[in-house]
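Residue numbers (the working numbering), protein chains in the order written: chain R, 27 to 318; chain P, 32 to 796.
Treat the hints as calculated values from the structure; they're not laboratory data.
Just so it is clear, CB atoms sit at the ideal spot from N, CA and C, and this is done for glycine as well.
Incorrect hints may appear among the rest.
Said to hold, decoys possible - No more than 30 Å apart at the CA atoms, straight line, and that leaves these computed lysine-lysine pairs for DSS-like:
id, chain 1, residue 1, chain 2, residue 2
1, R, K248, P, K712
2, P, K138, R, K36
3, P, K712, P, K147
4, R, K274, P, K667
Unchecked claim - According to the in silico footprint, chain R covers these stretches of chain P (three or more CB under 8 Å from chain R):
id, stretch
5, 139-149
6, 661-671
7, 720-732
8, 785-792
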Amino acid sequence: MIMSSFDYLKPSSLEEASKLLLENKNSRILAGGTDLLIRMRGGEVKPEKVIDIKNIAGLHEITWEDGRLVLGAAVTWTRIKEDAKIAEHFPALTQASAEFGCYDVRNRATIGGNIANAAPGSECGSPLLIYNADVIVYGPSGERSIPIDQVWLAPGRTNLAEGEFITKVSIPLYPASTKSAYRRISRVEGQDLATCAIAVMISNPEEIAAREVRIALSAVSKTPMRAAELESFLSGKAIDGETINFCKSWMHRNLYPRASSLRGTPEYKKIVLGNLLEDILREFGVLAGELI
Amino acid sequence: MKQAETGKKAWRNDAYSKVTGQAEYCDDLKVHGMAHAVPVYSSEVHAEIISIETEEARSFPGVLSVITAGDIPGEIRYGQIYKDYHMLADDRIRFNGDVIAIVVAQKREQAVAAAKLVRLNAKPLPPLLDPEEALKDGASLVHEDHIFEGKSCNITNHHKIRRGNVSAAFKECDFVIERKFNTQYIEHSYLEPESGLCIPRYDGVMEVMGSMQHPFSTRRFVAAILGAKLSDVEVRSVAVGGGFGGKDDTAALVCARAALAAKILNKPVKMTYDREWSFRESYKRHPYIIYYKMGIKNGKIHAAEVKIIADSGAYCSVTPWVTWRSTVQCCGPYEVEHVHCDTYGVYTNNVFTGAMRGFGSPQLNFAIEQLVDIAAEKLGISPVEFRKQNMLRQGSTTITGQVLDTHTVSLDQVFEETLKRMDYESKLAKCSRGRADENSDELYGTGLALSYRGMSLGAEGMDFNSAIINVQPDGSILLEAAIHENGQGAESAFILIAAGELGTSVDRIRYRQPSTSNIPDGGTTVASRGTIMGGGAVVTATRELKRKLAMALCCRLSCNPGDIRFFNDRIYGKTDDVFLTYEQAVHEMYLQQEIPYAFGVFKAPKVSWDEETGKGNAYFTWVYGCQAVELTVNRKTGKVKLLNMTAAHEVGRAINMPMILGQIYGGMAMGAGYGLMEEVKVKDGIIQNTNFNTYKIPRAADLPEMQAIVIENGDPLSPSGAKGIGEPANELMAPAIANAVYNATGIRYYSSPLKITVENENNNK
Ligand SMILES: Cc1cc2nc3c(=O)[nH]c(=O)nc-3n(C[C@H](O)[C@H](O)[C@H](O)COP(=O)(O)OP(=O)(O)OC[C@H]3O[C@@H](n4cnc5c(N)ncnc54)[C@H](O)[C@@H]3O)c2cc1C
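Isolated chain R (complex conformation):
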């Protein structure tokens, strides 16, 4: 039961939505509602106005323009999962969509809501980070673009200003030779949030010197994070057993997952992320020689 009473508003333009947000300090955007309604039921948030953005034209679109994929904020995870072209160019995002929730939740939950919800283990986190996505927001001073690594501040907190909301996510396309993947661990198959997850992208996999490696980790920090130190360590370098072992020990030295998580101990997460990284690199075919 949702205990607080609220007005339900359904604007049909960006301007109107932003105006409503600005005028009503205690208001919330509603997309799929799969986070919002749960928090309202739990009494954690009690908005006086709930502003449904699903009536705004354009927010449901998936477009390919100027070498970028642009996802409207209200695009659901089901649509991401079923889009063959996304799978071709951004396999990590497709793999994330396959792990996401379950059938019925995917039908409602949106990419915009997932970003705005700012969970440390959110499914969009690591994939959008490795692809250097931009989050397009609309607000009182019009449209602006925020690089994905600046969007999240803390669990549940984003960099959006008052009256701003997410309208799109824009992701640059990469050369066909680029490889990327996402792996997540959760306690059960049926439906669970990530215990931890990792996304890896590697450009120019064939030319060692020109290689760029990107690694992002979820559910080990306050926000999904890039592992910059590991990236520079791995980039432009032949990867072998020793390199992998360094990565594994890096995880041990540099990650501080929350000990109170119901989903996995810090020790477990650190080991598993190292193993998953190894797994992905092996699958990419960039591992030289056998492991010790």
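Use these hints to put chain P with the ligand onto chain R, whose structure you have.
Frame of chain R; chain P with the ligand shown alone:
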């Protein structure tokens, strides 16, 4: 022995209404003028209550009443065995789920909002959370007035088995295995949380409807809180969304509190629980600490010394009964000559624990079936061989001295059938035992577990049941037994049994909606006793009806009463051309001023128990089961993938095959949850995961293909021939998984759920 045909079609009297959503569960019911009650909890785990301030809540719009213990006209404390449960807390908070007040309002929203305004002034006391601490002399007392064996302590009960001489026997053993096991709290996870609707009726009766497994237990709680006579309370059944043993104490308490509010306000009151309240307050499966010492001599289990500590939490509920079964079955389905067992139930300030599907056996099986595998490995023989050397067979003597000769002991059958269906022994040879193939991170393992299980209550309690069969003037039949439909299909089983006895179609028989004012108390719907006890009563009642019909109709049918035959939906004389329809038969009886009505009782055959020595014929009959699993464990992530689960169970006679299969599949699934993922996490006495986003139960995607083998050996002591399947199906999968995980990884896990570690975990600091 007969391996039953499992492809039969399902029949349920309630299928249509449940599939179409027409069935009304308690919270669906609405009555004119109905108010809503909600519980008020406190943040305390253990505290002395100084005062409860209700003024602010009372003045909240819509609030009709805020009720505390002082408003109870009857008994404040009640309970199934000890009257230790404060239906509303009066002197102390004993666990975090204690209810300090109930708020009643016109709307549920108002009651929920006002509940937050009730204030508790209390003096926090240090909580007692460790059952082993609670057992020690000088531990603080959870119930100051509780006395056990003459002294104030936290022990709720102590069961013993003293068989042979263990200390001498261990000296004779080739080797002795000593291990400690821990099992976890789990939640029943019934689909429908607790709900009760109480209506003060014009005739002075308090009418109660609710989600419960035992209307008569609810009636006792309601009568106690109201200070009313049992006949002044009528509990009527409505559709129930599952129980798994979990719809007794708490379900009854919810109804009792709603009745209290209804009585005080003199208006209908409904109280429906949120999932979070249900998780917080309702009883769980007991966590056990098990110290087990098993001695092996010449390939036989020669001696066992077992100490069991069961955390009863803040209240006793049925802990003495649950732990009694653990005691009786503490060596599993094996012959053991020397046994010394001490089982304690102990109060703590944790959430209370009570009945749950399995009732004390899942915990013990988790230990025993792993120990048996450990012993086999030490002996260097296969776990299959070792089990064959030790298992109970026809005429065997159990550890309580019961000779198994009144029914077919089918342990070897369930075992052999499982081995055959799984091709188990060749799979056992393929297990990874910690070494993966070069190209794979998946470690393969298979494991199994065996059990025997005493049917119904045994020497735990009074065990009898009744049924009423009542033929109407048009020949239609009303049937009722004192067993409750919790969603498992009890009513359908009884209709099938009656139709079988009478040779009628099932359409002729309608199950009468039960009420505690219709039929005598037949005991609770637990212990897998529904079909065996209720079905026994149905058989007795239908046979009595047939006797009456035969006496009255023999003249009309020109034969002796003994010649009358019941088949083809009619009543026949000596030849097939002489018959009466049921309508004609009733007419004939009415002419003779005879009523086609019968009452039947099935009394469980005699059982026995000696509390001091643990000797006795604990149960009048037993069932036998075997479950096996194949799985892989990923050595890089620790993730378990179940590949196949197979079960063989002996059920006596199968009444409704698809329902049996449903019980077996569901039981294996719940067992897999117990073994791998389910755990109510308690921190400082407070439950951390109170909904299914954080309390994980298996879903379809987590489960593999399942196969069920059903073996029929009609039981001579069961009038219908049937025994039971509900709990046997739920007590084996966790140890089977633990054995399979060992065979895959080479690592033993002594705690459930298994928290699989990955390579280097714990040594890579
Ligand atoms: C059963 C279940 C399973 C789940 N499984 C997963 C999972 O596997 N992985 C995972 O990552 N998450 C999971 N979630 C969480 C949730 O579904 C996702 O975070 C989802 O993407 C949220 O999207 P939504 O459209 O439903 O957001 P909403 O609930 O509508 O909104 C979420 C928050 O974001 C705000 N918001 C929404 N849209 C915008 C916008 N365009 N601009 C600014 N603010 C906005 C809302 O005000 C609210 O605060 C699960 C949830 C449930 C209930």
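Here is how each hint holds up against the structure:
no.: 1; hint: R:K248 <-> P:K712; verdict: holds, 23 Å
no.: 2; hint: P:K138 <-> R:K36; verdict: holds, 28 Å
no.: 3; hint: P:K712 <-> P:K147; verdict: holds, 25 Å
no.: 4; hint: R:K274 <-> P:K667; verdict: holds, 12 Å
no.: 5; hint: 139-149; verdict: holds (count 4)
no.: 6; hint: 661-671; verdict: holds (count 4)
no.: 7; hint: 720-732; verdict: holds (count 8)
no.: 8; hint: 785-792; verdict: holds (count 5)
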